[in-house]
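Novice: Each chain, letter by letter, is given below.
Number of protein chains: 4
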Amino acid sequence: MPKRKDKITSDIGWSTADRIQVHGLDLPSEILGHVNLGDMAFMQVTGRKPTEQESVVFNAIAVTLVEHGITPSAMVARLTYMGAPESLQAAVAAGLCGLGSVFVGSMEGASRMLYAALPPDQAGKGADLAAIAKQTVADHRAARQIVSGLGHPVHKPVDPRTPRLFQIAADNGLSRDYIALMQLIQQEAESASGKVLPINATGAIGAICCEFGFPQEIIRGFGVMARAIGLVGHILEETRNPIAFELWQRAEEEILETSGPGSQ
Amino acid sequence: MPKRKDKITSDIGWSTADRIQVHGLDLPSEILGHVNLGDMAFMQVTGRKPTEQESVVFNAIAVTLVEHGITPSAMVARLTYMGAPESLQAAVAAGLCGLGSVFVGSMEGASRMLYAALPPDQAGKGADLAAIAKQTVADHRAARQIVSGLGHPVHKPVDPRTPRLFQIAADNGLSRDYIALMQLIQQEAESASGKVLPINATGAIGAICCEFGFPQEIIRGFGVMARAIGLVGHILEETRNPIAFELWQRAEEEILETSGPGSQ
Amino acid sequence: MPKRKDKITSDIGWSTADRIQVHGLDLPSEILGHVNLGDMAFMQVTGRKPTEQESVVFNAIAVTLVEHGITPSAMVARLTYMGAPESLQAAVAAGLCGLGSVFVGSMEGASRMLYAALPPDQAGKGADLAAIAKQTVADHRAARQIVSGLGHPVHKPVDPRTPRLFQIAADNGLSRDYIALMQLIQQEAESASGKVLPINATGAIGAICCEFGFPQEIIRGFGVMARAIGLVGHILEETRNPIAFELWQRAEEEILETSGPGSQ
Amino acid sequence: MPKRKDKITSDIGWSTADRIQVHGLDLPSEILGHVNLGDMAFMQVTGRKPTEQESVVFNAIAVTLVEHGITPSAMVARLTYMGAPESLQAAVAAGLCGLGSVFVGSMEGASRMLYAALPPDQAGKGADLAAIAKQTVADHRAARQIVSGLGHPVHKPVDPRTPRLFQIAADNGLSRDYIALMQLIQQEAESASGKVLPINATGAIGAICCEFGFPQEIIRGFGVMARAIGLVGHILEETRNPIAFELWQRAEEEILETSGPGSQ
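Chains as they are written, first to last, in the working numbering: chain V, 27 to 290; chain L, 27 to 290; chain Z, 27 to 290; chain D, 27 to 290.
Because the hints were derived from the structure by calculation, they are not lab data.
No copy labels: a pair is met if it fits in one copy or bridges any two.
Dumping the calculated BS3-like pairs for lysine-lysine here, alpha-carbon to alpha-carbon at most 27 Å:
1) 182 <-> 221
2) 29 <-> 221
3) 182 <-> 31
Because the structure is a prediction, the values reported are computed rather than measured.
In isolation and in its complexed conformation, chain V is listed as follows (with noise of 0.2 Å):
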């Protein structure tokens, strides 16, 4: 449990009553119509703007983030809306609810991965990074753990996402260690596996939330804020073409009869 303390205190902003004050700038002259969406996200999580060239970068990563077809959180944010249309706040909600271990949370493992086999001290030092990816692969293998942000369910032998990531950091300046270890990694894993295993676009998210630096507490992070962008969207098609309740009726009707009256 945290210490009690005298008083609370936040730096990211107040208000009085002509001037709001974020992260050290003034909202109104400093900050509108000067960074984008992306930069503000960066912002919320550096305390400062991006460079032009980080600005490029982690807008690419939190974009790619944004969407991806019919996923589970899709699937609860209508179903979610279906039942209280008053409240799409609550069906975003209830749809980023699911973004945990299984999914977003890859992108976290990859990161947390890479920081505990090159700690950021020792990233651009002229590790050996080949002899890294073996033993890191070397002890998954041991421990019959798998590798974050390697193999793709749909996407093979590339996750297109990938090389374009990849190519975008290094377009920037954004490529080093991180980025050269979890490719190392992947060969490694691959060939000690004989499976084809591409990096994913969580594991490449991954590898570039290390190269910025972030603390891999918050990575998952990017991927909560950019799902609620790409949930807004899905509510919005629920509301011209709604699926929800096809998708319930259909559930409800296979149980009644795989599981109900005549079945048994």
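Keeping the supplied structure of chain V fixed, place chains L, Z and D upon it in accordance with the hints.
Specialist: This is chains L, Z and D only, laid out in the frame that chain V set:
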């Protein structure tokens, strides 16, 4: 209830082994690196990329909604994270659940009022905006309803975000009938009531959303997506400078004092 | 907005080193072992223990609301749990988010209608219930509104829960003006519309809630608390017999087929 | 990932035009009026009605978990309701999101520890409980882990709920190896650490859950369902005696004072 359908469909996107398409564009090559996060949010709602001018204005309104200090939703996210630090996504979700009719709903309320007063098919055709404003205020006063988007407990006589947002809209060709109408409604409401009633940020954003022609049922969604970004920042600060525990202990102690054994 | 207050207070309960008091009773010695979970729910809403008869009726309505098969909220809980199995609480929370105006809200709607037609201070005083029912149905028809609590897509001509709940209420002295009024409204609605319109379970429960005199703004809460119990059962079944993955894969495949590359 | 399946199935229940079956029983005639809400919760988890003795014990543990004053989850529900009073369900959902590893998770932790120390198939067969307790405490001390279910910031030297719950379990034939083991672990932990470490309510409930043989992955669910009931009570009180606004204003003012313009 919606009708049953033979097949469910979605226009948002799909993916195959080597392709991911979103809103008719190839995600890796046509979206990543080409649009920022705000543009992607615009695409989720309109199905198309914004123009350069639309991008500036839309990003400005989205950025405005990200952060406003220790709001109830920020307190909720922090208190939730204290109990379930393994579920960052659920802390964000909890924080979003309160973005309902009282706070973010006022943005939707302003848009609904403006669309009702000046239906989209009559905008830009020389309607008598002053007369519409007069009627709108008179109707609200007769029904004893407050005018959505006017007034602010802290920011008076001017909400500093409003003139800046209207300036950005004007600079980018998006200040037309709805912003003019909002301003006329404000003047009319002030003179009718004798009170200081600034157009607050949600009123300004509601008017700009009408200039964009966004459907009113999705407008609350911009507040929800932007606040998801803001809440991730609050959770990160909570990991470093926790305040939730202090807020809880104080509440518990005060209720023990006012309502506990010694109080009766 | 509420007024500021010097001190916050709460009448629900407090605890000291050796005592825990809830609703004026000592939790360990006066509540535990003496009341069941439904009685405790009754206490949370009324601040007092139910009588024996109230206990039977209240538990019956709460039990009714626990489970109704593969509802959208059950699907949501299961889909959420698939992504975040470490957060059972968030899966339940997501499932609850959809208990809004469309489904559980109809219970609240029935109570609101009955309280509006026969205000609590006029109940039990010989009002002309048949005339009130006639007027209520006529008003709904004139406004082209459906009558809350009538009709069911599956359960016709009778919702089997309704006669049983009304019987339990009658057996325990809780069948008075509001249940009678609900039945008269149903007869009137059927004869006016020529349709089969059974009192559904939410209509029956709404009427019984009026017999109890529960405040209308909390009635939806009974559905929420009961469904939380139901959802825990669905999540447990999902751990043993998962269906969420199958529901997701089918939706994704169907949308790929109807809306993907081959469909255009 | 789970395997694909031809058909989805569920053993929880189904409904046809004139029947509703839950856990193999006819809901109207065999459940309503015959079981209380706690029994229904028991059925959701076990698939069968409890015996009379099981009913008393299970209801007692569920009732214990309903209410404990102004907890973080109660604060969250109240703050959320202030912003979205139209969505009572979302306020409850938000409050549940924080019932994670820190608070309610300790109940699950105690059960996991007890099941690991004494696997279900060895319970009741004369295991040397004192030796197991010694080993368990030694293992926790070696790993520098706290023992789940011991210690309480307020309730010392005894959590008043624990002896009462253990008494109810004993009176109903449900005090066997696991409660005895929990008590031995507590004694061992106190003597090894020299600290006062009462078995807290979640420790007591975790032990009783093991006596019932409940699967450990669902135990947190009892806390979630019970708290849903408690939160409805807090929301009702918030409608009558609002405290959320005051909590928010104080936090905002304090941060303005400590971290705002005058503070630097």
